[in-house]
Amino acid sequence: MDGNRMATVVGFAAALAVLAGLVWLVGISETVDALATADPWALLAVAGIAMFWLVSWGLALRTVLQALGAPVAPHTAVLVFVAAVFSNNVTPFGQAGGEPVSALLISTAADTEYETGLAAIATVDTVHFLPSVGYAIIGFTFVAAGAVQLTRNLAFAAGAVAALAVGIPTAAVLGWRHRDRVQALVIRGVAPTLAALSNVVPRWSPPSAANIEARIEGFFSAIERIATDRRTVLQTFGLSAVGWVCLSASLWTSLYAVGAPVPVEVVLLVVPVGSIASVVPLPGGSGAIETVLVTLLVSTTPVSAALATSGVLIHRVGSYLLPTVLGGGVAAALGVDRAAAPEE
Numbered sequence: 041m042d043g044n045r046m047a048t049v050v051g052f053a054a055a056l057a058v059l060a061g062l063v064w065l066v067g068i069s070e071t072v073d074a075l076a077t078a079d080p081w082a083l084l085a086v087a088g089i090a091m092f093w094l095v096s097w098g099l100a101l102r103t104v105l106q107a108l109g110a111p112v113a114p115h116t117a118v119l120v121f122v123a124a125v126f127s128n129n130v131t132p133f134g135q136a137g138g139e140p141v142s143a144l145l146i147s148t149a150a151d152t153e154y155e156t157g158l159a160a161i162a163t164v165d166t167v168h169f170l171p172s173v174g175y176a177i178i179g180f181t182f183v184a185a186g187a188v189q190l191t192r193n194l195a196f197a198a199g200a201v202a203a204l205a206v207g208i209p210t211a212a213v214l215g216w217r218h219r220d221r222v223q224a225l226v227i228r229g230v231a232p233t234l235a236a237l238s239n240v241v242p243r244w245s246p247p248s249a250a251n252i253e254a255r256i257e258g259f260f261s262a263i264e265r266i267a268t269d270r271r272t273v274l275q276t277f278g279l280s281a282v283g284w285v286c287l288s289a290s291l292w293t294s295l296y297a298v299g300a301p302v303p304v305e306v307v308l309l310v311v312p313v314g315s316i317a318s319v320v321p322l323p324g325g326s327g328a329i330e331t332v333l334v335t336l337l338v339s340t341t342p343v344s345a346a347l348a349t350s351g352v353l354i355h356r357v358g359s360y361l362l363p364t365v366l367g368g369g370v371a372a373a374l375g376v377d378r379a380a381a382p383e384e
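Sequential numbering from 41 applies to the sequence shown in our numbering.
Just so you know, the hints here were simulated from the structure itself, not pulled from any lab data.
Cβ coordinates follow ideal geometry from the N, Cα and C atoms, glycine included.
It cannot be assumed that every hint is accurate.
The following label-pair restraints were derived from C-beta to C-beta distances [claimed, not checked]:
| no. | residue 1 | residue 2 | range |
| --- | --- | --- | --- |
| 1 | S69 | F182 | 32 to 40 Å |
| 2 | V72 | P111 | 44 to 52 Å |
| 3 | F182 | S344 | 15 to 23 Å |
| 4 | D151 | D73 | 48 to 56 Å |
Make the full structure from the sequences, and use the hints.
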């Protein structure tokens, strides 16, 4: 992780620049005035809702780990998930960039193999897409029904919902059907890269191609084991759905705090669509997510840009800053630096 500190600093600087640009375009004084009038009780409610979200998705992770034969206590699962959120929030491309570190944290806490931890967090992240698609479709249906015309931003939302509902599941199915080919491509690409790195990194021996192949096979076996366990899938789906309700409630409460409540269907739409922006090369998608949320709120409701921005900033304090701070402490306690790489 030491080698990535500069990249992390640059990423956060870029995210802050994007956020500063958003607030500047909306109006700095208007946004600050809206934040100053926020209801303190509503702000406390946002923090509480964020904790419920973390608990529900942490328990979803525990359910998957139990199915993989690596059970952990409920509070441990929640703490590990908070640490995983931290890794997602400080690495570019959100979950895609943070999953390798999250897998290390999970394998350390659950005392299991690295590929088991990777399979667990990959499964949880995949399951999270399912209820988000349902909520996004419901929200878009009601929002579009009440719209006078399909604006450019609503057209973007429709495309994003379609990507969630069709594109991602299709890619996942194709990847699974052709997993042998994927495995061969990974081995062909990773093994030479690690061998080259071994010439630069002192006192480090790269894993062999056979070792990499065994780990990939272990990963796919773990995924298959979870997918065939109907009870695990249903429990994980239910806990994930509760988490998405919490995230939507967080945004609604944040807007209520600044005196701009919106219809429930609006937050059901914009929260899942906004999460797509986490794939941008910024830490946890910070900056991009806020911009998408504000843009959709302004285009689907009569809420002013300043109120929308202030509400989104409050929401992101609860759903981004709070778990990042808490997760950083948990990650340090779990020994992220000591878990530099999975054992061969």
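Results of checking the hints against the structure:
1. S69 to F182: 32 to 40 Å: Holds: the Cβ-Cβ distance is about 34 Å, inside 32 to 40 Å.
2. V72 to P111: 44 to 52 Å: holds, 48 Å
3. F182 to S344: 15 to 23 Å: Given a distance of about 22 Å, which is inside 15 to 23 Å, the answer is holds.
4. D151 to D73: 48 to 56 Å: holds, 52 Å
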